[in-house]
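Number of protein chains: 2
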Amino acid sequence: PCPQHRERALARQARLTKPPGSLGRLEGVAVELAALQASDRPDLDAVAITVFAADHGVCAEGVSAFPQAVTGQMIANFVTGGAAISVLARHLDARLEVVNLGTVAPPPVSDGVVDETIAPGTDNLAVRPAMSPEQLDAALAAGDRAAARAAEAGARLFVGGEMGIGNTTSASAVACALLGKPARSLTGPGTGLDRYGVGRKVAVIERALRRHADPRDPLQALASVGGFEIAALAGAFIGAAARGLVVLVDGFIVTVAALAAVRLRPELRPWLVFSHQSAEPGHVRLLQTLEAEPLLCLDLRLGEGSGAALAVPLLRQACALHNEMATFEDAGVQDRS
Amino acid sequence: PCPQHRERALARQARLTKPPGSLGRLEGVAVELAALQASDRPDLDAVAITVFAADHGVCAEGVSAFPQAVTGQMIANFVTGGAAISVLARHLDARLEVVNLGTVAPPPVSDGVVDETIAPGTDNLAVRPAMSPEQLDAALAAGDRAAARAAEAGARLFVGGEMGIGNTTSASAVACALLGKPARSLTGPGTGLDRYGVGRKVAVIERALRRHADPRDPLQALASVGGFEIAALAGAFIGAAARGLVVLVDGFIVTVAALAAVRLRPELRPWLVFSHQSAEPGHVRLLQTLEAEPLLCLDLRLGEGSGAALAVPLLRQACALHNEMATFEDAGVQDRS
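Chains A and B, in that order, give the protein sequences. One gets the numbering used here by counting positions in the first sequence from 1 and adding 505 to each. One gets the numbering used here by counting positions in the second sequence from 1 and adding 505 to each.
Extracted from the complex, chain A is given alone in its bound form (with noise of 0.2 Å):
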C-alpha cells in the first residue's frame, strides 16, 4: 500500500460534497483502495473470481449433509452457470474460473473446468494426514498460478472461492491447528448439520488435532488437516497480493485459508478487504484474530466466494463515490459554518 496514494486519498475524501465522515465505512474502503491500487482514482471494474474445488476424505466419518459426488455435481454447474456464484459474476461482469484440484466423481462437465487434480480428494484427516508434502506443494502452486492468470487478465480485485463436500470440517480443524483452541470453539453447522452431527464433527476434529506434532506451524497445518482447495487460496491469496491484486476474502472457509496465508506470509494482511461476516458461528472468531472489519452481515453460508460477489457493487460504489462527486470548489456548496 503507498502512504502517498492513502495521504491524497484522505486529503480528497475531505473536499467532497458531504459532511466528513459521512459516508460511514465506504470512506475508509475508498482510501484504502487508493493505496493498495496506488492510484487517485480506485477502480475495480475488472474483477476475477477463482472457485477452487475438492473433496475430502473426512466424509468417510459422515461429517456433511450432503454427499461426496455434489462436489463434483456442483463444478459442473459452476461453467454451465447455473450455481450462485455464477449468476453473480455473470451480473458483475466478472472472470470466473473454476479450478478441481481432485474430486471422488469426475465433474460430469469439464469444459471450462482448469484441471488442477493432485489426487481424487484428500485422505482421512481423522487418522491421516490429509495431504503429502509434495501435494500441499502443488496444492498451493496451483492457487498461485491461478493468481497469475488473474492478474495477466488485467483484474483489479482477486475474489477466492471454494467448493469441496466435507470443507468446514477441514477448515475448522486447520483453524484450532492455527489458533490453539479446542475444536467446539471454530466448528458449526457448516452447510446444515443438527446438533448431533456437530458433536460428530467436533469428535472427528478432536481427533484430528491429537496427531498433531507442530500444529501451529501454518504449512503442517495445512498438510495435516487442510484441504487441496483451502491449501490453494492460500497459495493463490499470497500471488495475488505479491502481483499488487487486492483480494476479498469470501466466508469462514475462505478466512481459514487468508489466516493460514498471512501466517505465511505476514506482509500479505493489508491486502486483504474482507466481504461479510457469515452465518458460521468461528467466522466472527477468525475475524477478529485478523483485525478484520467485514462489510456485510447476511447470515450467508454459501461458500462458492458468493458472499464476497455480493459485496463487490458496494466497493465500486465507494470508489465511484470517490472518484466522481464534486468538491465543495467545484460545485459551489458551503463548507461547514
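I should point out that these hints are in silico values taken from the structure, not numbers from a laboratory. Computed from a predicted model, the values in this text were never measured in an experiment. Cβ coordinates follow ideal geometry from the N, Cα and C atoms, glycine included. Where hints are given, some of them may not hold.
As the list claims (entries may be wrong) - Over 12 Å on every C-beta distance to chain B, these chain A residues come out as not near it, computed from the model:
#1 R513
#2 P687
#3 R689
To be verified - Estimated spans, in silico, between C-beta atoms of each pair:
#4 R790/B <-> R712/A: 46 to 54 Å
#5 P687/B <-> A516/A: 38 to 46 Å
#6 A610/A <-> D550/B: 34 to 42 Å
#7 E798/B <-> R595/A: 22 to 30 Å
#8 G617/B <-> G702/A: 55 to 63 Å
#9 R770/A <-> Q839/B: 32 to 40 Å
#10 R790/B <-> P687/A: 46 to 54 Å
#11 A516/A <-> P508/B: 53 to 61 Å
#12 R513/A <-> D550/B: 31 to 39 Å
To be verified - The following residues of chain B were derived to be distant from chain A, with all beta-carbon distances above 12 Å:
#13 A516
#14 S544
#15 T585
#16 E657
#17 L684
#18 T794
With chain A fixed as given, assemble chain B onto it according to the hints.
Relative to the frame of chain A, chain B by itself:
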C-alpha cells in the same frame, strides 16, 4: 403482497442448487419482493430515486453545522451530477428526480429541478408550528405526485431521499412526538454537531414538544414540528405503495417519514424494505419500533437517499439469484443425503 407468489417463491428457493437457507437474508428479500411485485421473477431493473429538499426555520436556533444556503446549493449539485446520490443513481442507471419544496436561497441551478415550492422553508418549530395544515397538505400531495411520476415511468422500486439543513432536528422532533419519547432519546449529532451542539438541539426539541396539543396524531406532528421534505416523503411512500411500488427506505430522517406514513396508513408497512442502519443513534430505535431489519450497517449519515441507493445492488443480486440459479433437478445436482 400476494400470498400465492410468496408460497411459490419459497418453494423455488428450496429447489435452487444451494443448501437451504445458505443465502441468508437474501432469500427472504427475494421471497418478499416476489410477493410484493406479484411476480415469479421479481426485478428491480427500473429504480426511481426522488430527493425532496426544503429549508427549516429552526436553523435560527443554531442546530446545524452547515449554513442554510447549502440546501439550495446541494439541489444544484444533485442535478449537475456531483452529489453522492447523483453518482450512485448514475451507476444504478436509476431515474433521479429532485423536488424543491422551498429553500431560503434559490438553487443556483434550477434546470431539471421539479419546483413544488410551498414557502422559503418552514417556520421555526421551536416557537411556532413549522407549517400550516394547508402547507402540510401541499407537501403530502407533492410527494404523492412524485410517486405517481415514478410509477408512470415504469419504476419497480422507489427510493426517497432528503436534503435540508437542520432537518435532523425536525426529524427527531417528529419521532419524539409520534413515539411519546423525550428529546434526548432520539436526538444525535446529525451531520456533525459536537456534544454542546447536541445539547442545544435537545433543548430546542423539548421546547417544541411542549407546544403540542395531540403530539401522537401523525398529521399534527408533521405540521407542528416536521419539514416540507419529511411530509413529502410520507406522502410519496403512501402514494408509492398505493400504486404497487416497493419502497426502499434510507436512513434516520427518511425512516421518521416512513413511521409517520405507517401511522397514517398501517397497510403501507409491508411495502417498506429497510436499507441500512445509520450512525444517527436514534435510528436503531425507530427500526425496532417498525420491526425493521436493515440490510446494511455502514455508519452512514449522509442522507440524500444514498444509503438506500447503496443497498440496491444487493436487492438486485437477491432477485438475480432467485430468478437465474439452477434447481437441483435442472443441474443434475443431488440434494441432501
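Outcome of the hint check:
1. R513: holds (19 Å)
2. P687: Consistent with the label, P687/A stays out of reach of chain B, its closest Cβ about 26 Å off (over 12 Å).
3. R689: holds (22 Å)
4. R790/B <-> R712/A: 46 to 54 Å: holds (49 Å)
5. P687/B <-> A516/A: 38 to 46 Å: Holds, at about 41 Å.
6. A610/A <-> D550/B: 34 to 42 Å: For D550/B against A610/A, whose Cβ atoms are near 39 Å apart, the range 34 to 42 Å holds.
7. E798/B <-> R595/A: 22 to 30 Å: For E798/B and R595/A the Cβ distance comes to about 28 Å; the hint holds.
8. G617/B <-> G702/A: 55 to 63 Å: Holds - the Cβ-Cβ distance for G617/B and G702/A, about 59 Å, lies within 55 to 63 Å.
9. R770/A <-> Q839/B: 32 to 40 Å: holds (38 Å)
10. R790/B <-> P687/A: 46 to 54 Å: Given range 46 to 54 Å: violated, Cβ gap about 39 Å.
11. A516/A <-> P508/B: 53 to 61 Å: The hint (53 to 61 Å, Cβ to Cβ) holds, given that A516/A and P508/B are roughly 54 Å apart.
12. R513/A <-> D550/B: 31 to 39 Å: Roughly 37 Å apart at Cβ, these two residues keep to the hinted range, so it holds.
13. A516: holds (18 Å)
14. S544: holds (18 Å)
15. T585: Per Cβ check, T585/B is inside 12 Å of chain A; nearest 7 Å; violated.
16. E657: It holds; E657/B is separated from chain A by about 28 Å at its closest Cβ, greater than 12 Å.
17. L684: The claim holds: L684/B sits with its nearest Cβ about 25 Å from chain A, beyond 12 Å.
18. T794: holds (22 Å)
Taken one by one, the earlier hints fail for this structure at numbers 10, 15, listed in ascending order.
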